[in-house]
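**Student:** Chains as they are written, first to last, in our numbering: chain A, 12 to 683; chain B, 12 to 683.
Take the hints with a grain of salt, since some may be wrong.
As the list makes no split between identical chains, a pair holds if one copy fits it or if it spans any two.
Result set (DMTMM-like, lysine to aspartate or glutamate): computed pairs, CA atoms no more than 20 Å apart in a straight line [as the list claims (entries may be wrong)]:
#1 K538 to D516
#2 K639 to E619
#3 K268 to E565
#4 K538 to E517
#5 K607 to E556
#6 K584 to D563
#7 K538 to E572
Calculated from the structure, these hints are not laboratory results.
Number of protein chains: 2
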Amino acid sequence: MPSAASALKRLLVGRPRRSEQLHETLLPKRIALPVFASDALSSVAYAPDEVLITLSVAGVAAYSFSWKVGLAVVVVMLTVVASYRQNVHAYPSGGGDYEVATTNLGGLAGQIVASALLVDYVLTVAVSVSSGVQNASAALPFLAGRETWVAVAIVVVLTTLNLRGIKESGTAFAIPTYCFIAAVLGMVAWGLVRFFTGGLPMAESAKYTIAPEPGFAHGLTGFAMVFLVLRAFSSGSAALTGVEAISNGVPAFRKPKSRNAATTLLMMGTIAVTMLMGIIVLAHLTHMRYVDPHLTDTQLLLHGRPVGAGYDQQTVIGQLGRAVFSNFPPAFYFLIAATGIILFLAANTAFGGFPVLGSILARDGYLPKQLHTRGDRLAFSNGIVLLALFACVLIIAFQAQPTRLIQLYIIGVFVSFTTSQTGMVRHWTRLLRTETRPNVRIRMQRSRAINTFGLCLTGAVLVIVLVSKFLAGAWIAIAAMFVLFLLMRGIRRHYDRVADDLRPDERADTTLPSRVHAIVLVSRIHKPALRAVAYARATRPDVLEAVSVQVDPEETKRLQEEWDRLGLPVRMKVLDSPYREITRPFIDYIRKVRRKNPREVITVFLPEYVVGHWWEQLLHNQSALRLKARLLFEPGVMLTSVPWQLRSSDRIVGKLRDGEPHEVTLPETKTP
Amino acid sequence: MPSAASALKRLLVGRPRRSEQLHETLLPKRIALPVFASDALSSVAYAPDEVLITLSVAGVAAYSFSWKVGLAVVVVMLTVVASYRQNVHAYPSGGGDYEVATTNLGGLAGQIVASALLVDYVLTVAVSVSSGVQNASAALPFLAGRETWVAVAIVVVLTTLNLRGIKESGTAFAIPTYCFIAAVLGMVAWGLVRFFTGGLPMAESAKYTIAPEPGFAHGLTGFAMVFLVLRAFSSGSAALTGVEAISNGVPAFRKPKSRNAATTLLMMGTIAVTMLMGIIVLAHLTHMRYVDPHLTDTQLLLHGRPVGAGYDQQTVIGQLGRAVFSNFPPAFYFLIAATGIILFLAANTAFGGFPVLGSILARDGYLPKQLHTRGDRLAFSNGIVLLALFACVLIIAFQAQPTRLIQLYIIGVFVSFTTSQTGMVRHWTRLLRTETRPNVRIRMQRSRAINTFGLCLTGAVLVIVLVSKFLAGAWIAIAAMFVLFLLMRGIRRHYDRVADDLRPDERADTTLPSRVHAIVLVSRIHKPALRAVAYARATRPDVLEAVSVQVDPEETKRLQEEWDRLGLPVRMKVLDSPYREITRPFIDYIRKVRRKNPREVITVFLPEYVVGHWWEQLLHNQSALRLKARLLFEPGVMLTSVPWQLRSSDRIVGKLRDGEPHEVTLPETKTP
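All chains, please: the whole structure from these sequences, using the hints.
**Tutor:** Listed below in structure tokens is the structure:
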């Protein structure tokens with residue numbers, strides 16, 4: 012491993028932390044709120060926009076539905092929050108929905124929930140970062156046209172911050188999140204004050220009308236309109252992602268973990284619905300018009316004519332801020348900056364949740380074991396990197412366009428909501444079967460009632476989202492979940508098979524082989540070869556022989572002569588190789604020896620020399636490496652490398668002495 | 012190694028050949044001529060074009076120089092052929108110019124020649140294939156615009172043919188080469204007959220005049236004209252590449268190798284100059300006009316006006332064929348087809364020469380040893396692949412345009428001609444110092460005279476080429492040679508240092524260590540671990556202990572209990588790892604043991620399990636692999652892998668049993 016790479020890693024990630032420092036990374040409520048709730052809070056920066064975009068298809072008249080749609084989202088939000096407060100008390104271990112589903116509904120349900128959540132975490136990163144870049148590019152015009160790569164760069168920055176460890180990220184992210192909350196609530200309050208005092212200006216887009224799409228030319232009719240409102244509601248439900256982030260993140264809270272998490276959940280829910288309704292109501296009061304950014308030039312009309320390419324449509328928050336703070340511009344700039352930043356921080360929620368869930372799934376054998384281990388800085392490094400990779404793929408594939416990405420979104424969250432609520436209902440029912448204390452029974456029954464209501468509501472929303480968004484993009488998310496689901500089952504099957512293969516048979520596996528037959532592979536008389544022979548002799552095997560593979564008869568003859576001259580008490584055997592290769596004749600010989608004495612163990616001594624630079628390795632044949640790789644597949648053969656360190660290898664040793672710890676890895680942690 | 016890849020290799024390359032089959036690949040003269048001389052012969056398909064293009068800069072009047080330039084090239088060609096006939100007799104081993112230079116002028120000269128030749132081999136492939144594609148795209152219009160990738164595809168096909176072995180390529184390439192010779196010589200003969208009978212039509216371009224470039228508007232004046240004629244001569248000298256291919260390829264000839272090679276050389280020279288002069292004379296007789304293909308629309312004039320984009324300029328051979336065979340079109344098509352094919356075959360000359368030279372350089376320690384070894388089919392596979400890679404890089408960089416590539420060309424050949432002739436003069440002078448037999452002396456003196464004349468002439472040409480082409484592109488070739496030269500010296504220095512490091516100290520290296528300290532690394536109680544302990548016990552070390560690195564205290568406690576329950580006579584030692592890594596605590600422990608007993612040898616037993624699919628490996632931690640790689644750098648430590656084969660590994664063993672030989676490699680052939 013090149014030293015420059017290590018230095019860079021230290022610079023970006025920081026010094027490694029000892030395992031005992033783990034408790035230091037626990038979060039107080041005031042930090043946990045911004046860390047885990049920034050996703051749900053930030054969604055007010057795009058959820059109202061998507062509601063208005065969807066409704067605008069039917070023209071300005073449809074906007075009268077906006078606050079009703081908003082109210083519906085609020086109801087769902089409060090229900091989900093109430094439900095999840097039961098979850099965090101009942102399952103404080105951070106398994107979240109996955110644990111609830113597995114425990115109460117079995118492994119299959121758990122895997123469905125897990126794949127849904129993993130997909131949605133990736134989408135959270137992609138949507139939030141893309142939306143943040145879209146916001147920023149309105150303020151910083153030089154970003155326009157480069158959105159995709161800016162978004163990827165921001166994912167990289169977030170990854171680095173998270174690899175440094177969650178506590179530092181929390182501190183760094185708290186201030187902007189609180190700024191955002193203050194800015195939005197401040198705007199809502201000031202806007203309402205100005206409205207009631209009669210001084211609230213109209214939004215800059217209030218002067219336009221909207222041309223409805225052909226199907227809606229005759230106003231709000233029947234089924235098409237219902238479908239449209241339901242789609243608007245689905246898009247608005249983006250505000251609900253992130254609720255489960257807190258329930259999956261319970262272990263990161265300070266004690267009492269469950270109570271702190273429940274309180275944080277309630278705080279988050281209250282703040283989120285207040286902001287969401289505030290924005291929708293203000294948009295209504297300022298007569299805002301907001302359409303698909305790709306269609307501004309045809310859909311917006313001024314005096315009955317399309318506005319054309321000249322109009323630059325600001326986001327909903329942007330237009331509101333300009334109107335409300337028309338008499339105090341600094342507040343407007345503060346709002347815009349806070350909005351831009353929080354959207355990037357929102358992605359951080361997923362960086363908190365995805366790796367923890369990945370680690371739990373890895374522990375249970377559903378994902379590769381590498382995801383189970385904590386990195387140098389006690390963060391789950393592998394999970395963080397994996398999340399970043401998938402998010403970048405999505406961002407690049409959808410060119411960082413939030414309106415396209417949002418079609419894939421929230422399906423996963425509602426799959427997991429619904430399954431988890433089903434699990435919770437079962438949980439309470441099971442407990443009630445044995446519980447006798449009346450006051451506890453009452454509390455449990457109340458909890459079950461809450462979860463049952465949550466189940467009905469989230470189930471209904473899931474159906475609505477599925478129906479209204481399937482063709483628009485949700486099928487991609489569903490396909491991804493399905494692939495992930497199959498993958499997890501395949502991985503688990505593999506681990507089970509391996510565990511089965513490895514289960515020791517104590518008597519057979521502790522029996523010593525009858526004899527040891529040592530073979531030293533010699534191709535030249537040099538230091539490593541003589542060392543290998545000396546070491547092999549020191550292990551006092553029952554049989555010891557040197558073996559050379561003959562590729563060039565003349566060379567072999569010289570080798571044999573030199574060998575004889577040394578006068579070692581070891582016979583040299585020459586294997587013929589008509590096809591000028593080493594591996595096959597050697598393997599054939601080993602098999603012959605094994606057939607003759609099946610109870611013997613063969614130990615092959617390979618003289619090797621090691622060099623210090625990667626380019627030096629290019630200059631030496633890799634056949635020893637290949638032979639080693641191949642010999643691993645022969646039963647009853649031990650493989651002993653006798654390395655000789657060339658002078659250039661010193662730099663590797665020196666580097667390690669510098670106190671540079673290696674990548675953290677647990678070789679074989681428990682498989683179930 | 013995936014089985015599909017092996018199957019594909021077999022399909023493309025054929026079954027492996029035994030070393031004894033090597034003599035079968037020797038070539039009779041009638042096959043050696045097309046194999047080694049197609050480069051020199053095919054250059055008549057572009058050398059006359061380049062001469063005319065260069066002269067056209069000064070307008071039609073300059074064409075009067077064309078046959079004089081042609082004659083100059085013929086003189087150089089015959090001189091070089093005569094000189095090289097001396098070389099192949101004096102140095103029949105195939106080292107060619109490299110050997111001549113090294114033996115007579117020392118290693119430095121040899122390395123200069125070698126780098127020059129290697130660069131020119133690559134250019135031969137790039138120029139010939141590009142020119143062939145240019146020709147073909149005139150006949151097959153759908154190739155236009157895709158020349159680069161077609162050229163790369165053809166290089167791939169040539170590579171495959173050559174990996175199959177040289178004899179089959181020889182047979183496959185003989186017929187088209189002879190067809191080309193017959194077609195060109197037939198055209199020249201028939202053209203002259205028609206000329207003397209007064210029936211030779213004009214070339215289709217005869218009706219045009221050429222607008223001279225600004226500097227030459229006033230006709231053929233002074234220095235600029237001299238420079239232009241010299242550049243035309245330099246371009247025409249492209250006909251000389253390939254002469255040294257025969258001298259480097261002597262070992263591939265049937266016995267008597269030298270005489271056969273010398274005869275083939277003479278045949279080639281005679282045929283080449285006849286064709287070259289024939290084409291230049293015919294072009295003169297048919298009043299052909301030929302300009303830079305990129306400038307046809309401005310430089311060609313009809314009735315004093317530029318012809319514009321409409322004119323599609325055919326190659327010189329194409330225009331001649333059309334004129335000469337105007338009364339017998341089938342012969343014209345035969346000519347065009349043969350020309351197209353031979354240009355691809357010309358590249359094959361380099362595929363014959365480059366790998367042999369590379370192998371010799373590798374033997375001498377100037378290039379990586381892997382180039383020294385013959386592949387499954389007895390061809391020097393690695394050299395062939397390397398040549399193909401570099402040629403593809405050039406083709407892609409210069410978009411397969413022969414006129415641009417030719418500016419880099421032939422500088423290397425003349426560096427090597429000149430150096431080698433200097434060497435030959437020295438060679439004869441040295442021999443003459445001791446030779447006393449009068450008739451032998453006379454023969455030697457004659458040879459020396461020939462080589463001296465060759466030296467003077469090729470030296471002069473080298474200066475001309477250098478001066479007239481340096482800025483046009485030759486500097487790139489010179490830079491490449493320089494880099495290659497430095498690289499070769501660096502590689503040799505590395506090999507020398509390694510050989511020095513590895514030279515055995517017989518007494519020290521055959522002394523047995525005082526004791527063997529065995530350490531089994533245990534992370535879990537499973538089959539591989541128990542096997543490793545049993546095998547380690549079977550080797551009866553002086554000290555045997557199990558070591559476990561503690562990452563998770565609970566897990567370690569469970570492990571310790573299980574270990575105690577097994578009741579093995581082996582103590583388990585637990586190393587603490589505050590940073591959750593395996594390598595460092597383990598290495599630290601080993602160093603401590605070493606410090607206590609420096610004369611002890613430590614043997615580390617690593618339990619491993621092996622899986623059969625690459626994707627299975629992704630599911631298991633690679634920390635064992637990393638630890639192994641790291642332990643190789645610790646002095647006094649042997650590394651014993653005790654593999655346990657999981658069921659899925661059977662497929663690897665099964666595959667090897669199918670009689671699938673591995674890549675051919677000689678691990679450590681002689682270094683000087």
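**Student:** Indicate, hint by hint, whether the structure satisfies it.
**Tutor:** Each hint tested on the structure:
no., hint, in the structure
1, K538 to D516, "between (41 Å within a copy, 7 Å between copies)"
2, K639 to E619, "both (11 Å within a copy, 13 Å between copies)"
3, K268 to E565, "neither (77 Å within a copy, 23 Å between copies)"
4, K538 to E517, "between (41 Å within a copy, 8 Å between copies)"
5, K607 to E556, "within (16 Å within a copy, 32 Å between copies)"
6, K584 to D563, "within (15 Å within a copy, 48 Å between copies)"
7, K538 to E572, "within (17 Å within a copy, 44 Å between copies)"
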